[in-house]
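Chemist: Protein sequence lines correspond, in order, to chains L, H and F. This note's numbering puts the first residue of the first sequence at 1, with every later residue one more than the last. This note's numbering puts the first residue of the second sequence at 283, with every later residue one more than the last. This note's numbering puts the first residue of the third sequence at 650, with every later residue one more than the last.
There could be a bad hint or two in this list.
From the structure, some residues in chain F lie toward chain L, with a derived Cβ separation under 7 Å [as the list claims (entries may be wrong)]:
id	residue
1	Ser774
2	Ala788
3	Phe793
4	Ser797
5	Arg814
6	Arg851
7	Ile853
For the record, the hints were derived by calculation from the structure and aren't laboratory data. Just so you know, these numbers come straight off a predicted model, no measurement behind them. The beta carbon of each residue, even a glycine, is placed where N, CA and C say it ideally should be.
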Amino acid sequence: MSISPQTERRIIYLVLFLAVLLPLLFPIGWRTESSPHVRMAHKLVEQSPAGSVAIVSFDYDPASMTELQPMAVAMIDHAWSKGHKVIATALWPQGPQLADQAFRALSEKYPEKQYGVDYVNLGYKVGGMVTIQAMGRSLVEVYPTDTGGTALNQIPMLAKVNTLRDIAYISSLSSGDPGIKQWVMAAHDMYNVPVTGGTTAISAPGFIPYINSQNQLIGLLGGLKAAAEYEGLIGMENGSATAKMDSQSVAHLLILIFIAIGNYKVWRNKRIKRTQDLKEEI
Amino acid sequence: MRSLGIFCLVFMLLGLALPLMGEASFEIKDFPHDAGTALNLEWKGASGSTVTIQKADSMQVFHELHQSTDAEGSFTDTELSPDETYRYRMIAVSEADSVSQVLEAQPVEQWFYLDKLSFLLMLIVISAAILLYIYAAKRGKDLFVRRINGLDSMDEAIGRATEKGKPILYVPGISDLDDIQTIASMTILSHLAHKAAEYDTDLIVPCRFSMVLSAAREVVRESYLKAGRLDAYKESNVFYLTDDQFGYVAGIDGIMVREQPAANFFMGSFYAESLILAETGFSTGAIQTAGTAQAHQLPFFVVSCDYTLIGEELFAASAYLSKDPQQLGSLKGHDFGKLLIILLILCGIVTESLGWSWFKDFFGKVF
Amino acid sequence: MKRNIPLIIVFLAGLVVFASEFIPHRPFSQINETLERWFMIISGFAMFLGQVSLLRVNGAKIKNKVKDWPYYLAGMISFALMLIFGLLWGMEKTDGILGDGASIQAWLGLKPFDYLFENVYQHLSATMFALLAFYIASAAYRAFIIRSFESNLLMITAVIVILGRSSFGTMLTGWIPNNLPLLHLPNLTDFIMEFPNSAAQRAIMISAALGIVGSSLRIILGIERSYLGGDK
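For reference, chain L alone in the conformation it holds in the complex (with noise of 0.2 Å):
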């Protein structure tokens, strides 16, 4: 019986489908290892001093989310651990409710972290790395204001950041473009701020370049892997990137269990294929 490959492609949906939905409901609990950039990026942030002042720049939109969101809970969860603080910045429009979302997810374990001592939110800003460049002139010249419309100025924990160069480092989760390459480019090569980042699983190939001898980026977490191997390091239970893995981990499974099906139906139409000729050539 012959399938056409619309209702073999729909099959193929299904099947993975519920490869992804049913781990979701029934938990399998699969250990990931940390893998070299993820400790890098661990270390960095582990490394700085207390009342560091950091900036995570939510360099995403929500369908980018599920692997960058569990990033960004765990990166504020590991720096608020060590005492720093955070600026939250946004090169994509969405990108200060996700901050916001991130800052409400932590309230619960961090109930004495208060708005503008702790964690502040400056908003987004287009223009990409133009915007990074001139930070690194002038941060009030970028932001006047945070997001509900308080001045720079009255902001207690900016009191002593005039520029990038009074930044720690710099954490850009991004999912395209501008995101962390900009943040390379302008913030580390000009005005020398460490930075590292998290990214989705198909665009981190394309940074691990940037992983070098000059360090223009200190580590890097490329995907949900890479959240879950971040959460395991700063010891965060019931993280949601872990809980995700297992789907992840069936998911690529049945992938190859596709991939050894397409063999041997290729395989076997050419054995036809095959047999069909020589019966007419005979």
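We have chain L already, so just place chains H and F on it with the hints.
Modeler: Frame of chain L, contents of chains H and F only:
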């Protein structure tokens, strides 16, 4: 004699001890090869002392700028203006003594970023090669350029669309007009629109950004005008969808499924949505050609599209399609550039293996 | 003349930006800064142009009742709703024309704009991105076939990386002694991504950069004019 000897000995000992007592020297130098926005503050001979560098504000009140316990060191003060003079004070405090020195300096703007010399030299050499090949082509020299299947198939794709009576879909990438890939896409769109006008085939161009929309409309309109088919030009076929990445992709997918274009062209900058576009187009049975310089999206296009322009082929496309000898000549310049880079990489490997770091340092300063 | 003015502008702008890259002295450093500011301003205004185009195109389709016109209407209603809610009650900490909508916030839990953003838009966007998983499965099923040496190499590498990037990689090869690191699937995956993959990507980036130099030079010198809508 004896007292003279003792006196000399004491004097010598004093002379030796003076540095140990923290007699530091302070010097200010202009930071080299910059826009006059930095000064280098250097101190020496401050062993056993705590050195504090202070800077005077506009009211001539000194504020601490930097502190160190190193006997010798430097600090770079940045974000300065070349129009102002700055006052600095160095205070070196040891157990026995305290030394203070005040100096004034004004940063100087230079006329050349000497650190970028290697970058400039490479740019000049590669540009000169490109221009030389263009000149050679202008003088009639026949230069071999290999075939690019994706571009040769453009006629076939448009012909198929005309036969089926279906439109052509052209996606100029998801980046704004400041991305050179989008500009390269506009140049390809110009050629494609001209052919589509000649064949009288509908050309649909959904845009993500308003500036791209304006440019695309102008390019398509001019191409139709040049083909003498301005009457066939439909402004509503070149339209804005949305700024949102996945909203844009959803819109294009909808167009592909509803309009069933016979040929899809994805030319420009793409990110995670590349496979969504290519697979949806594949499912509709369209002939697909993609081109991008985003290296990590190329595998998805290669898997799902009939033809893929890889990296520089996207930028060479316009020259290739125009068949203008001068423009084709410039493509040979790209090859010269590649040869140059291969040689530099080999030189780098050899010099680093031999322990000579000057070669790497010469190029490393740019980054 | 009409054709020459844009060419002259492109040439001069190209020269100025090129010079400012190498000359720190004023006015070159300031010109670059000014151009950057102009771009930021134009980007902001250009957003408005796009919305006008959107309204015109969709409005015409709704007016002429083309096929599937209710969907275009749904798109316009969504656009209008978000705009109205954002204007009237604002979003997050920013107030709208009618204040901060405390009573609506008490009822919905969030401002209307934020409610729609978090409960509708975010999930729609994530759904579109999730389509990638399905398309990767169908593309892998179709494309990773043993055909030639290159396709075999592709498939073997894909299998290693797929396993290495999941929890299976650690489970399958965790028993191998640590002094054979490359036999551990996660390490082998990282090696493949960091060396052969990076080398290939860098080569493509270098050739693309050369393509950019050539393309930019042709545009600046006026040899390439098709971006203006026609050759010489």
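Chemist: Indicate, hint by hint, whether the structure satisfies it.
Modeler: Here is what the structure says about each hint:
1. The beta carbon of serine 774 of chain F comes within 4 Å of a beta carbon in chain L, closer than 7 Å, and the hint placing it at the interface holds.
2. Violation of the interface hint for alanine 788 of chain F is found here, the shortest Cβ-Cβ separation to chain L being roughly 10 Å, above the 7 Å cut-off.
3. A least Cβ separation of about 5 Å between phenylalanine 793 of chain F and chain L falls short of the 7 Å threshold, and the interface hint therefore holds.
4. Taken as an interface hint, serine 797 of chain F does not check out: its beta carbon lies about 13 Å from the nearest beta carbon of chain L, beyond 7 Å.
5. Below 7 Å, beta-carbon pairs count as interface contacts, and arginine 814 of chain F has one with chain L at about 6 Å; its hint therefore holds.
6. Annotation: interface hint on arginine 851 of chain F holds; nearest CB of chain L at approximately 6 Å, less than 7 Å.
7. Interface restraint check: isoleucine 853 of chain F against chain L, minimum CB-CB distance 10 Å, threshold 7 Å, status violated.
Violated hints, in rising order: 2, 4 and 7; the structure is consistent with all others.
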